[in-house]
Structures are given as structure tokens and as C-alpha cells.
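Engineer: Sequence:
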Amino acid sequence: MRSTASSVASRVSATPDLLDWVRGLVSVAFVLLLPLLIIGTSLRGLVTDRDFMLRGFQDNRVATTTGLDQAQLRRVADAFVAYFQAPPGQIQLQVTAFGQSRPLFTEREVAHMEEVQGLIQLFLRMQLVAAAVVVIRLATAVAFDRSAVPLGRDMLWSTGVMVGLVVLVGFLSLLDFDALWTRFHQIAFRNDLWQLDPTRDYLIMLFPEPFWLAATVRMATSVGLQALLVLVLGLAFVLSPRVFGSRIS
1 MRSTASSVAS
11 RVSATPDLLD
21 WVRGLVSVAF
31 VLLLPLLIIG
41 TSLRGLVTDR
51 DFMLRGFQDN
61 RVATTTGLDQ
71 AQLRRVADAF
81 VAYFQAPPGQ
91 IQLQVTAFGQ
101 SRPLFTEREV
111 AHMEEVQGLI
121 QLFLRMQLVA
131 AAVVVIRLAT
141 AVAFDRSAVP
151 LGRDMLWSTG
161 VMVGLVVLVG
171 FLSLLDFDAL
181 WTRFHQIAFR
191 NDLWQLDPTR
201 DYLIMLFPEP
211 FWLAATVRMA
221 TSVGLQALLV
231 LVLGLAFVLS
241 PRVFGSRIS
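Residue 246 in this note's numbering sits at position 246 of the sequence shown, with consecutive numbering throughout.
No lab work stands behind these hints, which were simulated from the structure alone. For every residue, glycine included, the Cβ atom is placed at its ideal position computed from N, Cα and C. Worth double-checking, as some hints may not be accurate.
Derived Cβ-Cβ restraints for the label pairs, each shown as a range [said to hold, decoys possible]:
no., residue 1, residue 2, range
1, 82, 20, 41 to 49 Å
2, 82, 185, 21 to 29 Å
3, 229, 209, 12 to 20 Å
4, 61, 136, 44 to 52 Å
5, 218, 20, 38 to 46 Å
6, 92, 236, 17 to 25 Å
Can you make the complete structure from the sequences, with help from the hints?
Structural biologist: Here is the structure:
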């Protein structure tokens, strides 16, 4: 009888420990994946922004270098926006450049874009996973935290991760963007399909290095602004423990 009671007591005492372990795991996942959610959100906004592409075409005088008129460039922008949201496949358009009808991309460019599409869609899927983790953390805060302070602390730690990433990318971009861009491709792709000829390959004519520098600045700005919002909310939660209408934990 005494043994049975002892066993029950042991299981009951172990339950809070298991709960604390799960809550700790969720908190760590939240700290690490909230930046991924924000980066994924910024990336989704970038690759679906037709107007940003068109401004890039204009700023880099793409009509002059490619021989494509404005109507065709708008069609190209629409095709890319649709492609990044479409099932895995190839992108190709028939265009008229300098009076000649031709496929827009070579086989090498088409193959590279399949890899780019896969990479972008991987990030977008990871964004959804990160969003699920954030929702779970918010649910545990409502269900188990006695105040907003623990959630606020997690948000501040996550902000630190995001600020570190933004500062690192910004510093490396200013130091040598070309080297950073090359290194990114070497890490992201296992082949040399990304090495294109700017005098011949339309993919790099459409999106030259200045376009990607502008895209990087936009991404960093978007991530930075969202990190600032998380910072403000985190500070509010830490400094205002009555947010959940209860005492400080």
C-alpha cells in the first residue's frame, strides 16, 4: 500500500518537471524561430512585390541592356512573381529583343532558376513552421505563464538574435557586397549554374548586382523594423507584468 502511494506521488511530482521541460523547449524554439518567421515574412514580401522588380528594371536601365520594351518587362515581372508561388517547375518566356524573337532564358538559366525557386519555397515553408511555433509559445504563455514577463524575456532574446543577424549582414554588405554575394551562392548551391555572363545571359541582365544590393537593404530594413516592434512589445511585457492580469512570476 505504501509502495503504491509512493509510486503515485512520484508520478505526480514528475509531472511539473516534465511540463517545465516542455515549456523551456518551446521557449528556446520560439527564440530561435521568431527571427526565421520575420525573415520569411520579409522574403515573401520581396519576391511577390512586382513594383519592386519594375523599379529595379528602371533604375538599372534594363530595357536598354536587354532590348525588352516596358510591356515585356511587366510580363517578366509578373512571371517571376507567379513562379515563386507556383509548384516546382521551369520558367521561360518567348520575347522580342532587339527585333529578334527568342526564348528569354538559356537552359542553364532555367536550371538555375529551378534551384532558386526551390530555395525560396523552402524558406517560405520554414516560415510556416516558425509561425506554428510562435502560436504554440503564445498559447503556453496564456495557459501557463502567470504573467507576460517570461514571454517578454523570450521576445527580447529573440530580438538580440535578429539584431545580430542584421548587423552582421549589413557590415559584410558594406565591407564587400560582391564577396558576400559570391559566398552566399557557394553555400546555397552545389554547382556553378549561378555563374552567368552579364553580356549574354538575360537572368543577370534583368537582375544585376545593384538590384540585389537594393533587395538586401530592403530585407535588412524590413527585418530591422519588425525586430524593433518585437523589442517594444517585449519591453512592454517585461515592464508591465499585469498584461495578463496576474502577479509577476
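Engineer: Hint by hint, say whether it matches the structure.
Structural biologist: To see whether the hints hold, each was checked on the structure:
1. 82 <-> 20: 41 to 49 Å: holds, 47 Å
2. 82 <-> 185: 21 to 29 Å: holds, 24 Å
3. 229 <-> 209: 12 to 20 Å: violated, 31 Å
4. 61 <-> 136: 44 to 52 Å: Since the Cβ atoms of residue 61 and residue 136 sit about 48 Å apart, the hinted range of 44 to 52 Å holds.
5. 218 <-> 20: 38 to 46 Å: holds, 41 Å
6. 92 <-> 236: 17 to 25 Å: Given range 17 to 25 Å: violated, Cβ gap about 50 Å.
Comparing the model with each numbered hint stated earlier shows that hints 3 and 6 do not hold.
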